[in-house]
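Q: Residues 0 to 404 in numbering that gives the first Met the number 0 are what the sequence shown spells out, letter by letter.
Possibly wrong hints are sitting among the right ones.
Subject to a maximum C-alpha distance of 20 Å in a straight line, what follows is the list of computed DMTMM-like cross-link-like pairs (lysine to aspartate or glutamate) [said to hold, decoys possible]: (1) K382 with E195; (2) K230 with E211; (3) K82 with D178; (4) K230 with D197; (5) K230 with E75.
Label pairs and their calculated CB-CB ranges [claimed, not checked]: (6) H298 with D80: 38 to 46 Å; (7) E195 with C134: 28 to 36 Å; (8) T138 with R257: 18 to 26 Å; (9) L145 with A343: 19 to 27 Å.
Keep in mind the hints are simulated off the structure, nothing from the lab. In this text, a Cβ means the ideal position worked out from N, Cα and C, and glycines have one as well.
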Amino acid sequence: MTTANTADIVIAGAGIGGLAAALALHAKGIHAVVLEAAPELAPLGVGINIQPAAIGILTELGLGETLAATGIRTREHRYLDHKGTTLWTEPRGVDAGHEHPQYSIHRGELQMLLLAAVRDRLGPGAVRTGLRVICFHQTPSGVRVLAHDESGGAVEIQAAALVGADGLRSAVRSQLHPDRVPLSPAGVDMWRGLSELDEFLDGRTMILANDEQATRLIAYPVSRRHAERGKALVNWVCLVAAPSKSLAGDAGWNRPGRIEEVLPHLADWDFDWLHLPAMLARSPRILRYPMVDRDPLPHWGEGRVTLLGDAAHLMYPIGANGASQAVIDAATLAAELAEGDDVATALLRYEAARRPATTAIILANRNMDGAERGIAGRPGHDKTAELATITHRYRVAVERRQPLT
0 MTTANTADIV IAGAGIGGLA AALALHAKGI HAVVLEAAPE LAPLGVGINI QPAAIGILTE
60 LGLGETLAAT GIRTREHRYL DHKGTTLWTE PRGVDAGHEH PQYSIHRGEL QMLLLAAVRD
120 RLGPGAVRTG LRVICFHQTP SGVRVLAHDE SGGAVEIQAA ALVGADGLRS AVRSQLHPDR
180 VPLSPAGVDM WRGLSELDEF LDGRTMILAN DEQATRLIAY PVSRRHAERG KALVNWVCLV
240 AAPSKSLAGD AGWNRPGRIE EVLPHLADWD FDWLHLPAML ARSPRILRYP MVDRDPLPHW
300 GEGRVTLLGD AAHLMYPIGA NGASQAVIDA ATLAAELAEG DDVATALLRY EAARRPATTA
360 IILANRNMDG AERGIAGRPG HDKTAELATI THRYRVAVER RQPLT
C-alpha cells in the first residue's frame with residue numbers, strides 16, 4: 000500500500016517520461032510516487048514533436064482528446080534552402096499512413112496535461128515536489144531512496160523499485176554509472192524561441208531549411224488554441240556550427256540567448272512568405288544551448304533500479320524523438336512490471352526491449368546530423384535526391400524499432 004514513505008515504484012523526475020510512467024503503471028494497477036526536485040511545476044520550455052508510436056500510447060492512456068485540443072497535427076516536413084525554395088517534402092503522421100498523428104506541441108503544456116492526469120488518477124500526493132533524489136541503497140527486498148527537501152532535510156522512501164527519469168543530470172544515472180557522466184557535444188549551438196504570428200503556411204507544416212554554411216532553421220506551429228484564434232504559435236530553432244565544443248558543460252534548457260546572436264547567421268536568408276527577423280523578434284524569450292547527447296550505455300540498471308528517458312538515452316533533437324522514446328519507455332516498463340514476477344527480472348526485460356532500440360536512435364540521430372551538415376556545405380549541389388535518401392534511411396532506422404502505430 001502506498002503511503003507517504005512507501006511506494007511500489009518511486010520515479011525520480013516529473014518530466015514527460017516520469018509522468019507518463021506513473022500513468023502507465025497506474026493503468027496496470029501498480030502504484031507509483033513521483034519525486035520532483037523543483038518546488039513547483041510550471042509549463043517551461045519550447046516546442047517538441049511527439050511521434051505516432053508515442054501518441055498511440057498516450058491515446059490508450061485516455062489523453063487523445065486532450066492532445067488534440069492542445070497540439071498541432073503535423074501534416075508535412077518541408078525541406079527548404081535559405082532562399083525559401085522547396086527541395087523535398089515528406090508527409091507525417093496520419094498523412095504518412097500511420098494510425099496516429101504526429102503532434103507538434105509546447106513541451107510545458109504537454110507536461111502540465113500529464114501532471115493533471117497523474118494527480119487526478121493517482122491522487123494529489125502522487126507527485127511530491129521539492130524533493131530531489133540524492134542516492135539509493137538496494138536491499139534484498141527493495142530500495143531505500145534518499146531525497147532532500149527544499150531545506151536540505153533528508154527524506155527516505157522505501158520502494159520495490161526506483162526509476163531514474165531525472166533527465167540530463169540524473170542523480171540515479173550518476174550512481175549507476177559514475178564513469179559515464181560526460182556529455183558528448185555535437186559542435187552545434189542552438190537558439191530556440193516561440194513567436195506568435197498571424198499565419199505560418201497551412202498551419203500544419205514544419206520547415207527544415209539550411210544554407211551553404213550548414214546553418215539550419217527549423218520552425219513549426221505548436222498550439223491548437225492559437226490556431227483556433229486565427230494565429231500561429233511558432234516554435235523555431237536555429238542551429239549553427241560552433242567553433243568549439245566548450246559549451247557542453249552548460250547544457251540545459253533555460254540558458255538565455257539574444258536575438259543579436261542569431262540574426263548574423265540568417266543575414267543572407269530570404270523567404271518571400273516569412274520575414275525571419277520579425278519572427279525572431281516576436282519571441283519574448285530566446286534560449287541558447289549546445290546540442291549534446293551521451294554515448295549509449297552498455298547497460299541501464301542494476302537490480303531494482305533502472306533508467307528512463309533522457310537519463311537513459313540522451314539524444315540529439317535531430318529527428319524529434321527524445322520525448323517520444325521516453326513515452327515508449329514508460330509503456331514498456333509498465334507492461335513488464337505488470338507481468339507480476341520478480342521485479343529485477345522485469346526490469347531486465349524492460350531494458351532488453353528498450354536499450355537496443357534507443358541506442359540505434361542515438362546513432363541514427365548522429366548520422367542524420369552529420370549528413371544534413373554535409374550536404375548543406377556543398378555549394379551548387381543538387382540536394383533534393385540526397386535529402387530524400389537521408390530522410391528515408393533515418394525513417395527506416397527508427398521506425399523498425401518502434402511499436403506498430
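Q: All hints, please: hold or fail.
A: Here is what the structure says about each hint:
As the CA atoms of K382 and E195 are separated by approximately 31 Å, the hinted pair breaks the 20 Å bound. Annotation: proposed proximity of K230 to E211 is violated, straight-line Cα distance about 32 Å (limit 20 Å). A C-alpha spacing of about 46 Å is found between K82 and D178, which places the hinted pair above 20 Å, so the restraint is violated. Straight-line distance between C-alpha atoms of K230 and D197 comes to about 5 Å, which keeps the hinted pair within the 20 Å bound.
The straight-line distance between the Cα atoms of K230 and E75 is roughly 19 Å, inside the 20 Å bound, and the hint therefore holds. A hinted range of 38 to 46 Å for the beta carbons of H298 and D80 is consistent with their spacing of about 43 Å. At roughly 44 Å, the beta carbons of E195 and C134 sit outside the given window of 28 to 36 Å. Between T138 and R257 the CB atoms are about 51 Å apart, so this pair departs from the stated range of 18 to 26 Å.
Taking 19 to 27 Å as the suggested C-beta distance range, the pair L145 and A343 conforms, at roughly 20 Å.
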